[in-house]
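Trainee: In case you want the letters, here they are:
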Amino acid sequence: QSALTQPPSASGSPGQSVTISCTGTSSDVGGHNYVSWYQQHPGKAPKLIIFEVTKRPSGVPDRFSGSKSGNTASLTVSGLQAEDEADYYCSSYAGNDNVIFGGGTTLTVL
Amino acid sequence: QVQLQESGPGLVKPSETLSLTCAVSGYSIRDGFYWGWIRQPPGKGLEWIGSVGSMYHNWATSYNPSLKSRVTISVDTSKNQFSLKLNSVTAADTAVYYCARIWGGSSHVENWGQGTLVTVSS
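Residue numbers (our numbering), protein chains in the order written: chain A, 1 to 110; chain B, 1 to 122.
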């Protein structure tokens, strides 16, 4: 199973919106509504910010939103803040109780 | 609130077995969820290693196909912990290893341990 494809980097100015894509196949992203997104600050464990494509855990700001079209999922961060600067990883259920991750995207707040 | 804490040797020799334990507090591993391991080589992305289901899932295990021949995940309900064994390690297995509580339905990680760095070197 190959990793999901994410752009290595993304950037935006404070207050702007940024969208990060995550492309898989019909066996993973396209075949299940089980895409999740994680935020990871340097030296820290990842943190769940989106699950089941569009749902936010309690405590995650509604500036973070998720969507999916076909084999590509997307994470949008609206109203960028300095604290949003981090690495972002997507993941998807891939069948047979397995999960695959994307390669990660480094978000820079300019 | 559930907490997970990894423990184990930080240095393992090539060809030997990497062994880590995850102690869980604030929730009984018998009661639900899946319990798993994810790793992250230095400066690289995340890799799913595998998971074990709770008692309600008959403690069923599943493993990343690329690691399946070398991985075993097991549970110790008396200590409310679960473990990872990865045998025949090489330098490519050097990584931060995270233990995790996983929502089985959609396989998203709800809770992460802080992670522990394991270096494979002679």
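These are calculated hints, taken from the structure and not from any lab test.
Mixed in with the good hints, there may be bad ones.
Mimicking BS3-like on lysine-lysine, the simulated pairs with C-alpha atoms at most 27 Å apart in a straight line are [unchecked claim]:
| # | chain 1 | residue 1 | chain 2 | residue 2 |
| --- | --- | --- | --- | --- |
| 1 | B | Lys85 | A | Lys47 |
| 2 | B | Lys13 | A | Lys68 |
| 3 | B | Lys44 | B | Lys85 |
| 4 | B | Lys44 | A | Lys47 |
| 5 | A | Lys44 | B | Lys85 |
| 6 | B | Lys85 | B | Lys68 |
| 7 | B | Lys68 | A | Lys68 |
Trainee: If a hint holds in the structure, say so; if it does not, say that too.
Mentor: Each hint tested on the structure:
1. B:Lys85 / A:Lys47: Satisfied, since the Cα-Cα distance of roughly 25 Å is no more than 27 Å.
2. B:Lys13 / A:Lys68: violated, 43 Å
3. B:Lys44 / B:Lys85: holds, 22 Å
4. B:Lys44 / A:Lys47: Answer holds: B:Lys44 to A:Lys47 is near 17 Å, not above 27 Å.
5. A:Lys44 / B:Lys85: holds, 23 Å
6. B:Lys85 / B:Lys68: holds, 11 Å
7. B:Lys68 / A:Lys68: Outside the cut-off at roughly 30 Å; violated.
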